[in-house]
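Residue numbers for the sequence shown follow full-length UniProt numbering, beginning at 1 and rising by one.
Errors might be hidden in some of the hints.
Claimed, not checked - Computed Cβ-Cβ distance ranges for the label pairs, DEER-style:
{"id": "1", "residue 1": "Cys210", "residue 2": "Ile148", "range": "30 to 36 Å"}
{"id": "2", "residue 1": "Glu209", "residue 2": "Asp150", "range": "25 to 31 Å"}
{"id": "3", "residue 1": "Asp151", "residue 2": "Asp116", "range": "17 to 23 Å"}
To be verified - Lysine-lysine pairs mimicking BS3-like chemistry, simulated, CA-CA at most 30 Å apart:
{"id": "4", "residue 1": "Lys106", "residue 2": "Lys135"}
{"id": "5", "residue 1": "Lys76", "residue 2": "Lys141"}
{"id": "6", "residue 1": "Lys141", "residue 2": "Lys106"}
{"id": "7", "residue 1": "Lys225", "residue 2": "Lys113"}
{"id": "8", "residue 1": "Lys184", "residue 2": "Lys141"}
{"id": "9", "residue 1": "Lys225", "residue 2": "Lys135"}
{"id": "10", "residue 1": "Lys135", "residue 2": "Lys184"}
{"id": "11", "residue 1": "Lys100", "residue 2": "Lys225"}
{"id": "12", "residue 1": "Lys184", "residue 2": "Lys225"}
{"id": "13", "residue 1": "Lys100", "residue 2": "Lys76"}
{"id": "14", "residue 1": "Lys76", "residue 2": "Lys225"}
{"id": "15", "residue 1": "Lys100", "residue 2": "Lys141"}
{"id": "16", "residue 1": "Lys141", "residue 2": "Lys113"}
Hints listed in this document are in silico derivations from the structure and should not be mistaken for laboratory results.
Where is the CB? At the ideal position from N, CA and C, for every residue including glycine.
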Amino acid sequence: DLKQKHPEKDLDQLVEMANYYALSHQQKSRAFYRIQATRMMTGAGNILKKHAAEQAKRSTSLHEVQLEETEDFISKVYFDPCSYQCLENCGAVLLTVVRKGGDVSKTVYVDYKTEDGSANAGADYEFTEGTIVLKSGETQKEFSIGIIDDDIFEEDEHFFVRLSNLRVVEADEPPELNNLPYPKAILASPCVATVTILDDDHAGIFTFECDVIHVSESIGIMEVKVLRTSGARGTVIVPFRTV
């Protein structure tokens, strides 16, 4: 009867279920309840609850193994890296989309679209949308977004680029959405990239990379790195001296 109700269970699981059923439904002797009380007092726990917990743990472990096996066949598509910085006068910024795992012989289509943050399309960057095609064997693809330069001093600004509408195709077949029982590819995190535009209409702010530097006495000559942030307009001379 248990075999008919649970055809997916193996023999060991069916035996455990039968034992549990018999244990939970049979008439209990006074000795059984005495043992139960002793187990509760010593912290050993309820026999029936312990059995149920072991069954649940086994079922969860089996489910996790099945998920891991399934994920081996799924391609994950995402931005790498997901954060970009560029100067206002760079002209364009390149973003990279990658796919990892699964069957890379499949062709994957994924749409992308820019979204305003503190930077606005048309004023700070060029609104862009399109479709990336990762052909058979390709694991990454780059695309560019135009950056608009001006002569107005501004704070650093940012905008977003979002991936959506992932499709997978077989050879000689039209694009289609993922099918059951599991998808051939999914959008994984991060599927949104952040692009920060560094304003170059200011000469910049200059700082040391580190406040404290430890060097060996025998180094001879020590190099100290100076950073230029929040602008890059013109040639700048920064005097320095030791104290």
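Verification of the supplied hints:
1. Cys210 x Ile148: 30 to 36 Å: holds, 35 Å
2. Glu209 x Asp150: 25 to 31 Å: Given range 25 to 31 Å: holds, Cβ gap about 29 Å.
3. Asp151 x Asp116: 17 to 23 Å: At roughly 22 Å between Cβ atoms, Asp116 and Asp151 fall inside 17 to 23 Å, so the hint holds.
4. Lys106 x Lys135: holds, 7 Å
5. Lys76 x Lys141: Holds, at about 14 Å.
6. Lys141 x Lys106: holds, 15 Å
7. Lys225 x Lys113: violated, 37 Å
8. Lys184 x Lys141: It holds: about 19 Å lies between the C-alpha atoms, which stays within 30 Å.
9. Lys225 x Lys135: violated, 43 Å
10. Lys135 x Lys184: holds, 14 Å
11. Lys100 x Lys225: violated, 37 Å
12. Lys184 x Lys225: Answer violated: Lys184 to Lys225 is near 47 Å, above 30 Å.
13. Lys100 x Lys76: OK: Lys100 and Lys76 at ~5 Å, within 30 Å.
14. Lys76 x Lys225: violated, 39 Å
15. Lys100 x Lys141: Judged against 30 Å, a Cα distance of about 12 Å means the pair holds.
16. Lys141 x Lys113: holds, 15 Å
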